Amino acid sequence: MIKKRLLLTMLLFAVFATMAFSRDNDKLVDILKNEINRNFAVLKEQPVPAYYIACRAQDVRGYEILTSFGSTIYSIPFGRRMYNLDVRVGDYVMDNTKELKDSPNGRSQSSRGLSMVQDDNEQALRSELWRITDETYKNAVKQFENVKANVAVKVASEDKSNDFSQELRETYIEPPLKQLKDIGFNPEEWSGKMKKYSGVFSSNKNIYDSRAQMSVELTRRYFVDTEGAEIAENKYVFRINITASTTADDGMSLPLYKSYFASDIKDLPSDEQIMADVAELSHMISALRKAPVAETYTGPALMTAEAAGVFFHEIFGHRVEGARLKQENDAQTFKKKIGEQVLPTDISVIFDPALKKYKGIPLNGSYIFDDEGVRGQKVEVVKNGILKSFLMSRTPIDGFPKSNGHGRAVIQLSNVTRQSNMIIESKAPKTIKQMRAMLVDQIKAENKDYGYLFDKVSGGFTTTGRYMPNAFNVAPLIVYRIYADGRPDELVRGVDLIGTPLSIFSQVSACGDDHGTFNGMCGAESGSIPVACVSPTLFIKTIETQRKSKSQNQPPILDRPTRIVKNTSETK
Amino acid sequence: MKSEKMQTKYKYIAAAVIFQIFAVFAYAQDNEVISSVKQEIDRSMEKLKIDKLKPPFYIGYDLIDAKFLYVTASLGSVVNTETYSMRRGVPTLLVGDYHRNNTGFGRNAFAQNVSLDNEGLSTSIWEALDRAYKNSAEDYEVKLATIAQQKLDQEELDLDDFEKITPTSLSLNPAKINLDKAYWENYAKKVSEIFRKYPEIIESSVNIFIRDAMHYSCNSENKRIAMPVPFYQIRLGLFTIADDGQELRRELYIEHPSFEQMPKLQTFIDSCEAITKKFIEHSKAPMIKEAYSGPVLFEGQAVPEIFQQMIVGNLLAARKPVRGNSFGGGGGNNLEMMTGKKLISRSLTVTSLSGSETYKGKKLDAWYPVDAEGVIPDKELVMIEKGVLKNMLNGRAPTNKYPHSNGHKRMSVNDVRPNVMPGNVLLSSTNSFTDLKKKLIEAAKEEDLDYAYIIRGYRGIPFEVYRVYVSDGREEPVRGAVMQDFNLKSFKRVLGTSDREMIYNTASFGNFVTYIVPDGILFEELEITKNNGITLKTPFIVPQPK
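Residue numbers (the working numbering), protein chains in the order written: chain Y, 1268 to 1839; chain B, 19 to 564.
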């Protein structure tokens, strides 16, 4: 018993010692905390009292390299410290952030991102915070008066929940952020590699544009508030994006890309792997250029795992973001469907920001604390096809009064409920061979010649409001016709996948036993944030396509100038 | 007198010939950038063609190859430092001929980042020229159709769209630039640190911007230019709030092309201290309450600022564009119709000195040997002579009154595309005085006024204004002034200028513009009123941190 106590004491001491060491080397948390509390002590006594102040800050260091056809476009280090203040007046029930009905301003953006000094110069930091807190408070008071008037003149809200939830506050300080030199990143070496990758496209005369881009971002995110949260969390991101495009004779632009993500530079794929991928990309571009244009279609289709990730993110993920369901003009597709079946009974959908890897693949949407200082929690949104929960920030909705750590934003914008790592799982997966057989059977049952395989998509968008049709558009890059009579698969181009959410989910008929990961950036109200989606291959009984919009420009008149690409990479 | 003028003209021609010989010699040392650009221009001139449409008759390409350093500091700490290299290029591609082409009609090409490696340059240029040709060929056809639908007068129809010249080539070595990050970070930190002792200054920042750049410009007329375009800039920004809630900002810019011209650290700190004290003094000054109409004296920085805004900015020739009905009429610069007529006081003469490297032994920062179109600017070009408009600054786009370039199409570092802009400009006067303040008081007395105004700071509106009492000449700073109906015509009623000259550097589109002006100019009658656009803020709620 004593031994266990001792062990526990030692562990606590170790945790405390780490935190104390970290704080001694990083005074920013204390400076921010002390200044917002000093301001809060006065502002909470005002006729319109402030009831909450939070300060987010981020220190970003990094490097970005862009090359094209084996030549450097830029190769630059970057670094900046920015912060964002949130001042709330009123109370948790109703405050200045409440949505203004029928107003072009909608929900108030009560905060903004500003630069701050890069060291811990207390006078500079406090002076800046003091000035901006005053300005932000006064704007919040003005906005709150607008909110009260708007509430008085408009009909009552359907959603009766509070404007701001009360949450557990935590202290979490990680060791100081590592520097570029400490993480094994050598700009010259990676510049050489990027030149080599984009240089592969030089030998393909069909490629009119090529890019190999690498970005390294070392970020320390800070969060303090007047409720007691004190957080400093580090994130290391390494991204490589390789893109190439051509223009078909009919003017259609045909881009393809390959991207890689890792949170440790050692987890990036090998040079050989990337070179092989780039060669495949180059080959596929030439094939696409000659591929026939597909006509509009409705019928069965397969969607590969990576493409399905984008599909789920756009069509399902955005509709389970809680704060969106509070807006009066949102279509609120799933708000009243808790406990109902929304997906096939074998499918479950989980969001888990704490998950750093899925079966060895790094995930882009990982974090420990969200941008409201709430620990990111695993949320089982759909279990066996039944809708169970929503992603929540500190903006509650009826029936969901607490955050589950999904309040996210770029430093310049206010937090909104956003996605993290989305995992789609099936308890009755089929092999890819079985999936293909199901597709062929369905094609035959519908007396069609062919169905479609969506192999790779670039992204997509969806509208969730009530004024415009509640539709989605996913932009495929590689699409094959799968013939029922056993003819070889035929590469086609020029289609977008379209539809409406409820009808498409009713058509998802089977999941594969594989999984693909889409690591990308998602743009919405609170800016472009990192997300991931892991999904199996899907068989969808009925999909609909429309012809892709295309440029009317002819391909380049002259051949791309020829050049000799030197192999500048240091790597063997 | 006539023979003197002829001699001067021959001197200029001789200088130009020597210059061309030098330029041709220098051009033999073409670097890889020039070769890559020229090679792609030549290939496009030879082969770029779409059936049934005309090929290009002129292709130019401007490229800025630059290294940048930005430092921002506040209260002794660095806020941001950026250092990077960048190349941006923009094509000019004309379809038709010199008389009629797509100039000034339709789409301009945008500047784009291009390869930092010389090997990749040709690919970047190939992309840009392909796009430019397709746009230009289409725009040219539309322009012809538009002109055919309009009843233009013969003078306009006869005017060429693009002047045919034999351009000058020039290749100069890069400048030596101090891009030492540690030096400039320390400089910015030390300067910004002094504001820690001024609690009245609510926000302060020191920004340093350094550019080590070369401008490369080639065209199908065989022009090849390689010219350094160095730039050092220090900016001080101050912000305070007066007791009555008026928000006040003050800026100071120091801009030069060489490190040696930039102020030493202590010198600049001393300047900042002086400016800050004056700024704080002004923040405590009373607000103007009554309207004023009478003599006003401009001094110091305010003189070149109003000269630039009211006079020089109006002397840029601009071709009246051909527009379709949907775009309405207008455009061009109608001031050229005043050519030969009196514009301002007969005591004033405005001379462009863009081709002059020095003035009275002092180096002029805005001097350039050749403009972006390969035209050598005049050493002296009288723009306004004794109040009468004689010339306007122009490039190769002819206008009715100014059909020839006088070498003022200067490259713009910011958007790379060259624009018509001034270089060195001299304002001289035949009616100068040693003590203009005395003359101001006399003029105010003549108008039975108790006081007059001196304006020593001006940027769009006056920011450093003093009331001068006629009884004893004492000066009192005031706030909240705005000028009414202050424009080019105001310069018709000038009572006199100072007999001292000042040289003032400023920047436009990343280029230097230098004004040589009297350090004081007295207007007979101007209107000053309270600026009703000022919003007074409530005071800070929380006390300032100590």
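Treat the hints as calculated values from the structure; they're not laboratory data.
Everything numeric in this text was worked out from a predicted model, so none of it was measured.
Be careful, since some hints might not be right.
[Said to hold, decoys possible] A few chain B residues that don't get close to chain Y, going by computed Cβ distances all over 12 Å:
(1) Val96
(2) Arg105
(3) Glu273
(4) Lys507
[Claimed, not checked] Dumping the calculated DSS-like pairs for lysine-lysine here, alpha-carbon to alpha-carbon at most 27 Å:
(5) B:Lys67 <-> Y:Lys1817
(6) Y:Lys1300 <-> B:Lys548
(7) B:Lys207 <-> Y:Lys1472
(8) B:Lys397 <-> Y:Lys1472
(9) Y:Lys1300 <-> B:Lys56
(10) B:Lys182 <-> B:Lys397
[What the hints assert, rightly or not] Label-pair distances were calculated between CB atoms; the ranges are:
(11) Y:Pro1559 <-> B:Glu50: 23 to 33 Å
(12) B:Glu265 <-> Y:Tyr1524: 45 to 55 Å
(13) Y:Thr1486 <-> B:Ile272: 46 to 56 Å
(14) B:Ala292 <-> Y:Ile1450: 21 to 31 Å
(15) Y:Glu1437 <-> B:Lys194: 36 to 46 Å
(16) B:Glu50 <-> Y:Glu1484: 31 to 41 Å
(17) Y:Leu1447 <-> B:Leu197: 19 to 29 Å
Backbone N, C-alpha and C fix where the C-beta goes; we use that ideal spot for every residue, glycine too.
Going down the list of hints, with the structure as the test:
Separation of Val96 of chain B from chain Y is inadequate, the least Cβ-Cβ distance of about 5 Å not exceeding the 12 Å criterion. For Arg105 of chain B, the non-interface assignment is contradicted: its Cβ lies about 8 Å from the closest Cβ of chain Y, within the 12 Å cut-off. Residue-level check passed: Glu273 of chain B sits 23 Å from the nearest beta carbon of chain Y, beyond 12 Å. With 12 Å as the threshold on Cβ separation, the claim that Lys507 of chain B sits away from chain Y holds: the shortest Cβ distance comes to roughly 41 Å.
Between Lys67 of chain B and Lys1817 of chain Y the alpha-carbon distance is near 23 Å, which keeps this suggested pair within the 27 Å criterion. Note on Lys1300 of chain Y and Lys548 of chain B: the hinted pairing is violated, with a Cα-Cα distance of about 43 Å set against a maximum of 27 Å. Of the pairs offered as hints, the one joining Lys207 of chain B and Lys1472 of chain Y is violated, with about 52 Å between alpha carbons and a cut-off of 27 Å exceeded. The hinted pair formed by Lys397 of chain B and Lys1472 of chain Y fails the criterion: a straight-line CA distance of about 50 Å is larger than 27 Å.
Of the supplied pair hints, the one linking Lys1300 of chain Y and Lys56 of chain B is violated, its CA atoms being roughly 60 Å apart against a limit of 27 Å. Of the supplied pair hints, the one linking Lys182 of chain B and Lys397 of chain B holds, its CA atoms being roughly 22 Å apart against a limit of 27 Å. Under the hint 23 to 33 Å, the C-beta atoms of Pro1559 of chain Y and Glu50 of chain B, about 44 Å apart, miss the expected range. Separated by about 48 Å at the C-beta atoms, Glu265 of chain B and Tyr1524 of chain Y satisfy the suggested range of 45 to 55 Å.
Restraint check, Thr1486 of chain Y to Ile272 of chain B: a C-beta distance of roughly 35 Å breaks the suggested window 46 to 56 Å. Distance hint check for Ala292 of chain B and Ile1450 of chain Y: the Cβ-Cβ separation is about 47 Å, which falls outside the suggested range of 21 to 31 Å. A C-beta distance of roughly 55 Å is found between Glu1437 of chain Y and Lys194 of chain B, which places it outside the suggested range of 36 to 46 Å. Evaluation of the 31 to 41 Å hint for Glu50 of chain B and Glu1484 of chain Y yields a pass: the beta carbon distance comes to about 34 Å.
Evaluation of the 19 to 29 Å hint for Leu1447 of chain Y and Leu197 of chain B yields a pass: the beta carbon distance comes to about 20 Å.
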